[in-house]
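Chains A and B supply the protein sequences, listed in that same order. Those letters in the first sequence? Residues 1 to 269, by the working numbering. Those letters in the second sequence? Residues 1 to 424, by the working numbering.
Mixed in with the good hints, there may be bad ones.
In silico EDC-like pairs for lysine to aspartate or glutamate, Cα to Cα no more than 20 Å straight-line [as the list claims (entries may be wrong)]:
hint, chain 1, residue 1, chain 2, residue 2
1, A, Lys10, B, Asp54
2, B, Lys7, B, Glu240
3, B, Lys232, A, Asp267
4, B, Lys198, B, Asp151
5, A, Lys35, B, Glu174
6, A, Lys260, B, Glu87
7, B, Lys61, B, Glu176
8, A, Lys109, B, Asp54
9, A, Lys10, B, Glu240
10, B, Lys406, B, Glu420
11, B, Lys7, B, Glu48
12, B, Lys194, B, Glu174
13, B, Lys129, A, Glu21
14, B, Lys7, B, Glu104
Hints listed in this document are in silico derivations from the structure and should not be mistaken for laboratory results.
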Amino acid sequence: MNQIVIDANKKFSLNLRELIEYRELLFMLAYRDIKVRYAQTALGVLWALIQPLTTLVIFTLIFGKVVKVDTNGVPYTLFALSGMSLWGYFSAVMSQAGNSVIGAQGIVKKIYFPRLIIPLSKCISAFVDFGITLLFLLGLMLYHQYIPSVNAVWIPFFILATIFSGLGIGIWLSALSIRYRDLQYVLPFAVQLGTYASPVAYPSSLVPQEYLAFYYLNPMAGMIDGMRWAMFGSPINNGVFISFGVSVFLFVSGFIYFRKIEGEIADIV
Amino acid sequence: MSDIAIKVENLSKLYHIGAKDSGLLSERISHSIKSLFSKNGKAQDPTEFWALRDINFEIKKGDAVGIIGRNGAGKSTLLKILSRITEPTTGRVTINGRVASLLEVGTGFHPELTGRENIFMNGAILGMKQAEIKRKFDEIVDFSGIEKFIDTPVKHYSSGMYVRLAFAVAAHLEPEILVVDEVLAVGDAEFQKKCLGKMEDVSSKEGRTVLFVSHSMTAISSLCSSAIFLEKGRIEFIGEVSVAINRYLKRQNLTSASAQINPNNVKQIHNGPRHIAELISIALFDRDYMPISEIEIGEELSVRIGFRVKQRRDNFEIGFAIVDNLERPLFGFVSTWEGFETKFNEGEHYVECEIPSINLLPNTYGIIVWIKEQGQSVDHEVSGILDFQVIGKDITGFNPYFERYKHLGVFQRSKWSLLEKESV
């Protein structure tokens, strides 16, 4: 017989076991998101390619042909797409997770489950688009006959770290935006700015030395550098460690903060 | 193992209403500036609202308990705390067993997903394991009666199908404790009956604990053995269901727009010779059990009649007629026509009559009520006590301009057809 105690003065606990118990709901929510996103669209999953493709063309024209940034010997399309795919995944996880709790208020007000499941599920549903972009990147690498180095075994690590940072910020935003809806309007703007504050279209070697420490406070700066290092053997610096530290910090702190205010969500949202 | 299913101790819930939680940063800032300049910062915050205050009760395993009270009495807050949707401000609740709460049917249903997918989605949200849903899948589909459309997105469903599917999932949860809000308010009468039947099975046959909030005293009294009557966040009464309902109705009649019957406010009183019973109140409600004095044409109307029995009889008849503004009766409703139980002991009683659709053209109408022993002359009759308005609405879909025909009184749907083609 399981006993549930609801106590106004209960001690705070992360209650990870409860989250694991609800893992099936995590996948159901993700499945629902994926299915709904492409329902009744004529092109369906192709949309996942069209957007990065157009950006890629623009970047290639401006930074590859006009400005001619130094990519350390990597074909510019490969260089840009590797950064774009990771940045795209990060920003999708961040903004979808950030808006997720407000978007799920209908459910939140009617039934109990660990609310953290809602933002967490976004890293799965956003992975579909990311996976498609990655496949496209792989195809482009074959086309350029580019052989990745042994560093490639580190690719999953940088993807994981990207999930940490995307979810970290996303969870913080989802928890704060139920009270401060203003954040909803900041998000798209932040994504836009972030594209230029990260080495997506240009290499981080262009950033002046004295700003590098600040530059890598942006967790994605280090992750994109790392991804390029793993894929193409591009140069890398200690900034990766700063970025990784920041993303772990964001994730852990967001996780704890969300669990703390979880109980109030239904009252405020 | 104790036989207590739910134990609630000193439970309170405080809500902050108004500016404080609007979620707008600007309002929050202006609020803090205002409170900075207010002279007595410690004065009671007018935006504070205690939805529940010092609630204590125990529910035994296998009990079916109703929760009644007016809107805003704290019923929903109590259910929300018990189902862990919201946290209490003070106090403690101990629940022994798996809880399933149905505050809504079809939570998490998505219109783009098929019936099949929604069963799994909804099941997962209600806390069922995928394996469990798979095992019960056929049963759920069977219960819902929509096998043919199970792979169709639910956005193409009629609202009836949607609700049936949603309830089918909920009905196959196997919790030890079931917490149900007014989910029965949706769907047609037949469906509501099915829901009630299922809930009765759950509580009486399967011996599970049921907590049920409703405004329908009929549903509460048929399903529950005891009830909690909440008023302004506090427990007003807890115990036998009939006593709880009685207190609630008495309180409601004192405060709602309904009419108390006394010689001063009645146009005509007819007193029979035997004085076996006396009418004391009459009230009108809409389908959501809100007290009303106006109703749209074709809507459901409930008439609640209170009376005091002075001498016990086995065959009372309670009736009322709806009359036009000239006191001409248009419709009659008599308890014995419908086989309604007519045995009443001494004391106050309340009965309710539901009229599925009020077929009257827009106008003002009155009510005549009587009580008597079957086959005898009228014992107590009152008229002119309560007027209500019927409001026009295009229920036929043909711009009927009902207002122009108010003198016709009764409205009845009809079919028109042409029998001969014009030969020119």
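Hints, one by one, checked against the model:
1. With a C-alpha separation of about 18 Å, the suggested pair Lys10(A) and Asp54(B) falls inside the 20 Å cut-off, and the hint holds.
2. Taken as a hint, the Lys7(B) and Glu240(B) pair is honoured in the structure, with Cα atoms around 18 Å apart against an allowance of 20 Å.
3. Distance restraint check for Lys232(B) and Asp267(A): the Cα-Cα separation of roughly 19 Å lies within the 20 Å cut-off, and the hinted pair is therefore satisfied.
4. Between Lys198(B) and Asp151(B), the direct Cα distance comes to roughly 26 Å. Violation of the 20 Å bound is thereby established for this hinted pair.
5. At roughly 29 Å between alpha-carbon atoms, Lys35(A) and Glu174(B) are farther apart than 20 Å, so this suggested pair is violated.
6. Taken as a hint, the Lys260(A) and Glu87(B) pair is honoured in the structure, with Cα atoms around 12 Å apart against an allowance of 20 Å.
7. For the proposed pair Lys61(B) and Glu176(B), the alpha carbon gap of about 9 Å is at most 20 Å, so the pair holds.
8. Using a Cα cut-off of 20 Å, the hinted pair Lys109(A) and Asp54(B) is violated, with the two alpha carbons roughly 23 Å apart.
9. For the hint pairing Lys10(A) with Glu240(B), the CA-to-CA distance comes to about 33 Å; that exceeds 20 Å, so the pair is violated.
10. Annotation: proposed proximity of Lys406(B) to Glu420(B) is violated, straight-line Cα distance about 32 Å (limit 20 Å).
11. Of the supplied pair hints, the one linking Lys7(B) and Glu48(B) is violated, its CA atoms being roughly 27 Å apart against a limit of 20 Å.
12. With a CA separation close to 17 Å, the supplied pair Lys194(B) and Glu174(B) stays within the 20 Å bound.
13. A C-alpha spacing of about 9 Å is found between Lys129(B) and Glu21(A), which places the hinted pair at or below 20 Å, so the restraint holds.
14. Between the alpha carbons of Lys7(B) and Glu104(B) the distance comes to roughly 24 Å, so the proposed pair goes past 20 Å and is violated.
Of the numbered hints given earlier, the model fails hints 4, 5, 8, 9, 10, 11 and 14; all others are met.
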